[in-house]
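**Q** Sequence:
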Amino acid sequence: MTETRTPRLLLRSWRDDDLVPMADINADPRVMHWIGDGSVRDLDHTAEDIERWEEEWDEEGFGLFAVELLASGELIGFTGLSVPEFLPEVMPAVAISWRIGSQFWGQGYASEAAHATLEFALQDRGLDRVISINRVGDNASENVIRKLGMVPERETAHPAHGYPLRVHAIDLTEFQA
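Every letter in the sequence shown is one number past the one before it in the UniProt record's numbering, and letter 136, counting from 1, is 136.
Be aware that a few hints might be false.
[Stated by the list, open to error] Here are the simulated distance ranges between beta carbons:
#1 H161 with A140: 13 to 21 Å
#2 F86 with N143: 36 to 44 Å
#3 V20 with G149: 29 to 37 Å
Treat the hints as calculated values from the structure; they're not laboratory data.
Backbone N, C-alpha and C define an ideal beta-carbon position, used for all residues, glycine too.
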C-alpha cells in the first residue's frame with residue numbers, strides 16, 4: 001500500500017492502534033448522522049470495517065487510507081477509494097469518500113485528504129474518472145465535493161434506506177493536481 005503526504009496529513013495503511021480512535025469516531029452520532037442509517041458503530045463493527053477496508057486494498061489495488069495528523073501522529077479518520085457496489089446503477093465506478101472525527105471538522109482536513117486521494121487515483125492508479133456519493137442535505141460533504149471540482153451527475157435514492165443521494169463525478173484528465 002502507498003503512503004501519501006500532504007502539508008499536514010499522512011494518508012497511510014491501517015495499524016492495530018488505529019482501532020480504538022476509529023471506533024471513537026464511529027461512535028459519535030454527529031459523525032455518523034449522514035452515513036448509512038445514521039447508527040453509530042461499536043468497537044467490533046469498526047474492527048470488521050477496517051478488515052474489509054484492508055481486503056479492498058488487496059483486491060482492488062486501492063482502498064481507504066487511515067488519515068493521521070503529521071504534527072501529532074493522531075488518527076483523525078479516513079479517506080480513500082472504494083467500489084460503490086451498494087448502488088448498482090452507477091457501476092462500474094470508483095468512489096471517493098471520507099470520514100473525519102468531529103473535533104477535526106472545519107479545518108480543511110477532509111478537503112486536503114480528498115484532494116491527495118484524487119491525485120493518487122490519477123497518478124498512481126491511472127483512473128480516469130471518480131465519483132462521490134453523498135446524502136442530499138449533507139452540506140459539509142457537498143462543500144468538499146465542490147472544492148474537488150466534482151460536478152453533480154444524477155440524483156437517486158439509497159436502495160436500502162430510501163433517502164435521496166446525489167452522485168458527483170470528475171474526469172481526472174481535467175483534474176488540477
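**Q** Just to be sure I understand the hint, the distance between the Cβ atoms of F86 and N143 should be within 36 to 44 Å; is that true here?
**A** violated (23 Å)
**Q** Using the beta carbons of V20 and G149, state whether their distance is inside 29 to 37 Å or not.
**A** holds (35 Å)
**Q** Could one say that the CB atoms of H161 and A140 fall in the range 13 to 21 Å?
**A** Once the Cβ atoms are compared, 19 Å apart, the range 13 to 21 Å for A140 and H161 holds.
In this structure, the one hint that does not hold is number 2.
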